[in-house]
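J.: The chain contents come next:
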Amino acid sequence: MTQYYREYLAVAVLIGAGIAMVAGMLGLGRLVRPTRPQPQKYVTYESGSDPVGGWGQSNVRYYVYALLFVMFDVEAVFIFPWAVRVEQLGVQSLVSMIVFIVILTLGLVYAWRKGVLRWA
Amino acid sequence: MTLALEIGWGTTLAIKTLIVLMIIPLGALILGYTFLLKMMSHMQSRLGPMDPGGFHGWFQLVGDGIKFLQKEDIMPDEADRRVFALAPAIVVISTFLIFLVIPTGPRLVVQHLDVGVFYALAVSSLSVVGVLMAGWASANKFALIGALRAAAQLIAYELPLLLAVVGVVIQAGTMNLNGIVIAQANGSIFGMDFFGNPFILTQIVGFVLFLIAAQAELTQTPFDMPVAESELVAGYMVEYTGFRFLFFFIGEFGTAFAFAALAATLYLGGYAIPGVNGGLADLLGPIVLFVKLMAVAFFMFWVRFTYPRLREDQLQAIAWKYLIPIGLLNIIATAIIKVAVP
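From first to last, the protein sequence lines stand for chains A and B. To convert, note that position 118 of the first sequence is 118 in my numbering; the numbers rise steadily by one, no gaps. To convert, note that position 316 of the second sequence is 316 in my numbering; the numbers rise steadily by one, no gaps.
Next up, chain B with everything else stripped away, as it sits in the complex (with noise of 0.2 angstroms):
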């Protein structure tokens, strides 16, 4: 607190959006790095991305940014042209929010809001209107088809995230994460309290629930249809070039990174350390939040290179058939236990 009184509130709000503008990109980068050039390279044999600058093909990430920067920026004359222009960035837009409300330590925070989770996923469904006003405006079949797919998944499974929170809060008692992480550090179970309460011991049908429903949220391939490349070239992703498409990357992976950070916070104690208090707490805060995240994100991605794509009826079933009934029931069940057990 004592830093925040002295270079008062604005500056601190202005040096923690700067920060998080940095985080995005970063974040985006160290996933498509790792996982979706390296890790996918080594699990699918692709020599591609191992080949240029040498060891490992380190030189493959800049390369790309290279091609971004100068690709010509097109915009088809059939284009409605106001709305393709926008659409990208409400997509990154939507990913930026987000982070408001990730901890990273105690106070290592943009801002604490007291709906934190609700706003997470209010803000990140966001991108349903971006991707929509893509495809609409692209003016082209495979765009709008692509579009029409997405916007059906996301709220499709908008509602299995949803539901899968809710164990979680009801466990908590509270929707603000820094909140979440403190009643995790502090939990106990069976007794025993000397790693506090991870909510994925108690919470792991929520747990499950997250990580599909995440996966489908991203478009990750399991759920993939809306960007097909294979049927619909890349969806409402086909008409845009250079910058504009950048940030449909920059969004999917922030996203990823974002929803991998808050299952981590969320399910596996976030930024806490057993034991660990003060400005040490601080300190150590993102390193262990962002170990946690690494591991749940490299989960994800080992999906998405490992199971083909499903069928866009297969989907909506498992969404509706599913998904949704056990997250009521798993609401339910917690209920009963927090007010039978208190």
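Just chain A, with the same shape it has in the complex (with noise of 0.2 angstroms):
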């Protein structure tokens, strides 16, 4: 069980060296940028000219890949544990998984042939 923690205790280690490191660098930036606040300088961004409006709308066109997505990247955990053993569990689970696959296809296909996948 030691050895278990132990292992992700190196995860956390490197999340802390990496908050370490960033706080350290803007640190040291800070000690040796300039700064010459002017409001000019905070103004939005856009190719120089004044910004246009606050927020701007954006139509998200590939809304609905997000949720094709989702479908795929919950067989993936599935796969993966599967991918592991599939030398000794043998046939069946082959059969087993090639069906699971087979039917997630089809949850493609549907959304294929629906026209989710072409630019709307």
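Hints are computed from structural coordinates only; laboratory data are not their basis. If you're wondering where the values come from, they're calculated on a predicted model, not measured in any experiment. Please note that a few of the clues may not be correct.
To be verified - A short, non-exhaustive set of chain B residues, derived as facing chain A with CB atoms under 10 angstroms:
no., residue
1, F96
2, V117
3, F118
4, A143
5, A172
6, M175
7, A319
8, L328
Said to hold, decoys possible - Below are the EDC-like pairs computed for lysine to aspartate or glutamate, each with C-alpha atoms no more than 20 angstroms apart in a straight line:
no., chain 1, residue 1, chain 2, residue 2
9, B, K67, B, E78
10, B, K141, A, D50
11, A, K41, B, E78
12, B, K141, B, D80
13, A, K41, B, D114
14, B, K67, B, D51
15, A, K41, B, D73
16, B, K16, A, E7
17, B, K16, B, D282
18, A, K114, B, E78
19, B, K141, A, E46
20, B, K16, B, D114
21, B, K321, A, E46
Positions of the beta carbon are idealized from the N, C-alpha and C atoms, including for glycine.
Assembly of the complex is requested from the two constituent chains, each provided in isolation within its own frame, with the hints serving as guidance.
T.: Laid out in structure tokens, this is it:
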């Protein structure tokens, strides 16, 4: 058990080290860089001209992809443990996984036929 | 193991962490210098980066560093200040975490994880969050469009990346990156085993998928709409200056370094040299891995400097209509062969 937690303690240590390095570099930058505030510098940058409006409206044409992504990403979570043991589990697991993948692919085919993957 | 016993587990981890802290900016610098500045200048006849300091413009990168150091830190009035400040840190730290599991020798790794590859891909995708935060918090139209494009692209190409790696996992029977290297070193192909079985030979489809998807994950040129400077200025990075911008730069090239190392480990046999074991393997491992990594990186940047940008819908179509079905077929074929031919 301790070995298991040690492995992931290393992850935590690395996150801490990363935060320390980012903070260190920003601190160093604060010491070195000049600060001469002028109101014009803090205007939103739109290639030199004065900014128009506040937020811009943007048509997210590919939001359905996010739903499809969730479907396939969860699938990957199921495939990985199976992939490790496929040789030991043998033919039965292979057939079940193929059926699983085919069913998922049907979802993709359905979305494709519905025109979701087309630029609307 | 004797080394670890002598100086204790905590000290070892501290030393390894320090080395990783140094490797990432160093790796980003190496890739940025050799490929972005020198190779691109030669391939595209760019004169600027070849000039400073004399011989092949060796001073260019130092000059860039000094420039970043003395840039004023500007945060737009409209920005969501806390999120704006946090975003680059998340991108850099996600790059950091990948290096935890990449083995550079039989014992030279920060930490062997049993879920190695899976962990590496999971933490690399954390950067999407940082990118979205940066685009949203900038309160800039270009930044927001860039961030949305980036998010759509990163999640779409996450899947081919995962599916390509599953083929390797099936063949090696483990997700531990060290185990995958050993499986390649001990493998044989058609009864020949004098150089093992680098998975590029049997997983060539997966290797190509991995490279294409990695290119998109790195937002490198055929897939660089999120940062397209001719349309979106610089996408989600528009409002960032100085060190915060540098973090995105380190994140991009550090991740390129990490993905090249991952590709070398998964498909090209990693650190292993046939017939070399023990201490010598630890000594030569990093060099071998570095050579393979640079070969992969050379190829990735070659593509980057050669191809024009794709359109947003073409990008999505490639991922969903070609790469994902091919990836699924690759998994099924690999699994059938693995079960049928033990």
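J.: Now, for every hint given, state plainly whether the structure supports it.
T.: Quick rundown of the hints versus the structure:
1. F96: Check passed: Cβ of B:F96 comes within 4 angstroms of chain A, closer than 10 angstroms.
2. V117: 9 angstroms, holds
3. F118: Given a least distance of 6 angstroms, the restraint on B:F118 holds.
4. A143: Given a least distance of 9 angstroms, the restraint on B:A143 holds.
5. A172: 9 angstroms, holds
6. M175: Holds - the Cβ of B:M175 comes within 10 angstroms of chain A, reaching about 6 angstroms at its closest.
7. A319: Since chain A brings a Cβ to about 9 angstroms from B:A319, closer than 10 angstroms, the hint holds.
8. L328: 6 angstroms, holds
9. B:K67 to B:E78: Distance of about 26 angstroms is beyond 20 angstroms: violated.
10. B:K141 to A:D50: 13 angstroms, holds
11. A:K41 to B:E78: Within the cut-off at roughly 12 angstroms; holds.
12. B:K141 to B:D80: Distance of about 14 angstroms is within 20 angstroms: holds.
13. A:K41 to B:D114: 50 angstroms, violated
14. B:K67 to B:D51: Within the cut-off at roughly 17 angstroms; holds.
15. A:K41 to B:D73: Roughly 10 angstroms separates the two Cα atoms, so the pair holds.
16. B:K16 to A:E7: 13 angstroms, holds
17. B:K16 to B:D282: 14 angstroms, holds
18. A:K114 to B:E78: Violated - the C-alpha atoms of B:E78 and A:K114 are around 40 angstroms apart, more than 20 angstroms.
19. B:K141 to A:E46: At roughly 8 angstroms apart (the allowed maximum being 20 angstroms), A:E46 and B:K141 satisfy the hint.
20. B:K16 to B:D114: Within the cut-off at roughly 19 angstroms; holds.
21. B:K321 to A:E46: 36 angstroms, violated
Against the hints set out earlier in the document, violations occur for numbers 9, 13, 18, 21.
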